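Those sequence lines, one after another, are chains Z and P. Heads up: the first sequence begins at 1 in the working numbering, then just goes up one per residue. Heads up: the second sequence begins at 474 in the working numbering, then just goes up one per residue.
Worth flagging that the hints you see were computed from the coordinates, not collected in a lab. Hints may contain errors.
With a Cα cut of at most 25 Å, we get these calculated SDA-like pairs of lysine to any residue [unchecked claim]: (1) Z:K269 with P:L595; (2) P:K591 with Z:R317; (3) P:K659 with Z:R317.
Source: prediction; values computed, not measured.
Take a look at the letters that make up each chain.
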Amino acid sequence: MFACIYSRTVPKSQQKLEDHDAKAASPLVDLAFTFSPLVEQTSPDTVVLDVSGQDLLFGPPAEDGSSAEVECGRNIATDIIRQGKTLGLKVNVAIAANVDVAIHAARFIKGITVIPPGDELLITRDFSIKHIDYSLVAMDEKRAAEIQETFALWGIRTFGDLARLPLAGVAERLGQDGVRLQKLAQAKSDRQLHLVRPPIGFAQSLELEHAISEVEPLTFILSRLLNQLCANLNEYALATNELKLTLKLHDKTEHERAINLPVPMRNPKTLLRLLLFDIEREPPQAPIIAVAITAEPIKPRSSQTGLFIPLAPEPERLEITLARLAKLVGVQNVGSPELLDTHRPDSFRMQRFTVLVSRKKPHSNPQSAIRNTPCVMGFRIFRPPWRAEVCTREGKPTRIDAPSGDTRVRVRGQIVCASGPWRGSGDWWRRDVWARDEWDVAVVDPKSEEGEVLCRIYRDVTTEEWFVAGVYD
Amino acid sequence: MSALTKKEVELALADRFGAIFERHERRPLEVLPTGVREIDELLFGLPRGAITELHGPASSGRTSVMLSALANATAQEEICAIVDCDDTFDLASAAHAGVDFRRTLWVRCGRSLERAFKAVDLILHAGGFGFIALNLCNVPAKVVHRVISSWWFRFRRAIEGTPTTLVVLTPVAAVRSCAALILELKNESSVWPSTLSLVSENSNGGFTSPDTTARYLSLVPLTAVAKEHPAQPHAHFLQAMKIVVNRQRPVELRPGKVKFNPQLRVR
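Bound-form chain P, shown alone (with noise of 0.2 Å):
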């Protein structure tokens, strides 16, 4: 049933049954805006209380995304923690991103795992951390994917309810069913710009997107020539980024479930 049949049906009957639809209708979540214009558009931001997945592979985006809502985040004054698997987090970029480190717990965890994912379970269970970023960016896509999931479901239940949001950065989608956003980043231009697409969404129900037309956004740098050599060091890369809406791959949306053209995958 399409969008506007549905909300027909409830017009119809709202005349006899009164607002009955609007009881079941979950309340929208709390969100916490990335900063990336095109994206607040779209999802208003990260679900709050609930687990996102930023997941794709090495350049595609993923830090700059969760740099950017780490900023806003510290900038709404937040206190935020950063659990570093791999101990990558920079901070020269970090702050070229506006992160206020002096509202950021930096947790390193010396590459392994389960440190990690003890940190995090950790820093849930002492609550009043506005944005939790767990990151796994650089461990292997099989070792991802033998993260056991009771792990994700304890998050989920530890999250539930609370003003956090906890973003999972990972090269392969890992969380499943219990991240409420999931958001895959391509890199699949041959030159510098990446691409970010909403792959799923609403798993852990009510957070739907208003708008059916844009559906991939694309990470591009403003400056045309980017593979010139400026004067100052890394400029292309440090200096003002944009998301564009890329309309040329259309998906059918619906209320609830996103569905994707074949060659993508279909949840």
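Just chain Z, with the same shape it has in the complex (with noise of 0.2 Å):
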């Protein structure tokens, strides 16, 4: 059994039905997909909807066949009137075995219609052939236009005048469209809907009964929900870059995060560590009592390998290891670092690590990609600068003391050589200006036996203190 329901009353905004998202959204729809998920939308203002099945929910106790089908679809046509008003749509619904039969009694006759199976030419007789729906045959304006002042000048006003002439003779003068126009004519039209899809959601949430306030129950809901969510994208051959964790919280305050992934994804595992290892990280402040999660659907990637392209890691045990990285040192200590555009020394800031994909032919002997550069001497810095004491002879160091921070290493001798100083200073229009004199001293200490230290040290101006920078090595 086939519903059809037909708005009386249309918005402006719901005539054209070229856009999917604008199909999804109508009132008309929404109102079918309450009753059913399989709707066809025909055209703006009418829907249709496959009702068979639904006697455990609509129909009469005990009744026999025939009639119990028809008390079952009076009810749900009874149902669909109430819940329309609800939206604020006037209807007409109309409930036949024959999908376009149960269309055009929609259109014709006001209110409910229930047609039993059998009878749909009684109902549709007398129905005028001027408001048969050609666009139910396929067919163009243009044809359905010559096709329309044909039955005029064969005089054929109703649908059962149409219904009552020999197939053969219409197969000879109007040919196909012809027949499928009488079939349509006869209620022996048979065709299947033409589904609308549901709205696509990437939005999960869930209340809780109480509140919890440990990782571990959070755990379940959130791989429930990340499961659904991940089982839609897979649906639609979708993946996410961004997840947005919202946590309403017992003391009416919300939690939200949000996570960025260098890659799309759809595998719930990898999608929950990460949300675990976010919220480990920074936990709620209070309870939770209800959970949502959005997803931002985007094409999944599409790698190419190859055997000979260096092996790099693979994107989603990346995320979860540069996590795991994180919450061992910190957010702020882990990636990928890039130097500033400034001569103050050691300026540089931390950005999020990802695998770069090179599309440039990889060498064919490895070897050949060794450089030719001369090896330069390697530095190593000391963050913050040791404080040193530094003794002086003619405005060259001779001495150094410099215990580390935690004093478990310490540069201490004799400056057997020493060069500069070279000056450095900038920043000047800002609080934290800088400016030192900088040296390169090769330190001996006797009682070691480590031999010389090369280390750059630095005196600042400001406030005439020496510190060590670091060390050659």
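Assembling the complex is the task here: the two chains are given apart, and the hints tell you how they should meet.
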């Protein structure tokens, strides 16, 4: 059985059906989806839904076959009209075994029409042929106008007139279009519904009966929501690169977290781990009473690997590893460094570490990629610099004693060789102005067996204090 | 048995037993070139799927060798990681050495040895990294000695069969038998140069040096006037350095084992 809902009041914004989202957002479609998942939107003012198999919900307690079906249809139609009123819709509802008969009946007859199986022609035979819906037989407007003119010449005025014509004559004069129209008039058309997809939901939420304040029970809830979310994404062959978690707390506040992923993912286990790491790093301040997760859908990544492309970490595993590292050492201590465009020593910022995908052809022989540039001497910088006591003679440093911050190691001894000073300064317009005289020195500690230590030391010009910037190594 | 004698025996028995000796020979390990020509000529590079230890005192050249290898790895589009125990990784000198930071993950461990080891473990198990460096240069020797060996065994087990090179920079030898290659760097001269020597190898099997004459490598500045005041700050260090072979202290090299003259340690 099919139910057709015809709205006598359709807003202008719903007049066009080109946009899929406009279709899905129509209140008429919403009304239909409350009764059945199988819904066709025939036109902006007409929807058809399959209401078969709803006897237990809407049928009478115990009746015989045909009357029970009619009674069930009537109950459904009554309920549709009642629900439509709550949405502000004035609708006609027709129930029939044939889709097209239901459509025409809903358009022609006001209120509720229930057509028992076999009685279709009795109802439709008096309908005017001028109002037959040519789009139901996939006929364009030009052809429809020609046929309508022909019907007028033949004196065909109702569905019943067309239904009574001999099939061979109609086929001979109007071709297959005529045959399909006659079947429509005879209520013998047989077609499937062109189903409307329900609106895509990439948001999941759950309100909790009891507030939770531990991670373990939250894990199960997040797992359930993410499984559903990823199933939805998988169904539409999509993935997500942004996950938003909203936790409603017992103190009427909200704890919102957003996880941006460098590559699209839809693996619920990976997303669950990332969410949990994030929650453990920044836990909510009160027990949780509701959980909501929203995913931003995008196309999944497509990667073409090759035998000669250097190995790179798998993006999902890398994300989990980075999250674990951030939990271990702090999020500000993990990443890819970037030198800042300034003369201030040791100016850098940490960026999110992502794997670069190279598009250029890899070296056929790895040995050919070896740089021919000469080796440069490495430097180990001390953060913060070690405060030092330096003896000078004629402005040149001669002796140094500099314990490290935790005094585990120190630089101490005679300066046997020194180069410098190089004066550097900058940021004079800021509070943290810097100005220093730098020296490269070779320090020998007679008590130590280590030999020379090559250091970079500097004198802060503003405070006249000496520091060890680092060690050449 | 010297290498020559062994080869003669194998050739003599080849007619009767075929290539029986070749079956038991380990395949040569893949290596990651360091970019230091003298080291690469001697060792071809740092072994993949194994631990390499660079140890020595301050200013002995550990960081220089590591930066060169890191720069080469990033030039080959490998994904690399620096686990910096004491937060001493200098970006300016690394950039000067040619390191591509976009391919380098830097983990700053805030002077926590435990966090550094856990971070290396996480990165090793993530897989896909071509070069990982664990920087323990500033950790005192007595603390490094106290590192329980199970960590090194765990790392060796995790890295086996992978194309990853794990380089550990320490002030003293600590990795011991878990390292496939141990390079000891010495700062023994009274001026700027430092010396690098091949102390041990083959503890993990299969990594041998073909050259039996070169033993010691010295890191010396190219500029002879290093102590003079150059116009550009720190130019004498940031300019090109050169590693030269020092043949003044010969040692005996046997296949699979390196023996040193008495004043050095014997392994």
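Taking the hints in turn, this is what the structure says about them:
1. Z:K269 with P:L595: holds (18 Å)
2. P:K591 with Z:R317: With a Cα-Cα distance of about 16 Å, the restraint between P:K591 and Z:R317 holds, given a limit of 25 Å.
3. P:K659 with Z:R317: violated (40 Å)
When held up to the earlier numbered hints, the structure conflicts with hint 3 and nothing else.
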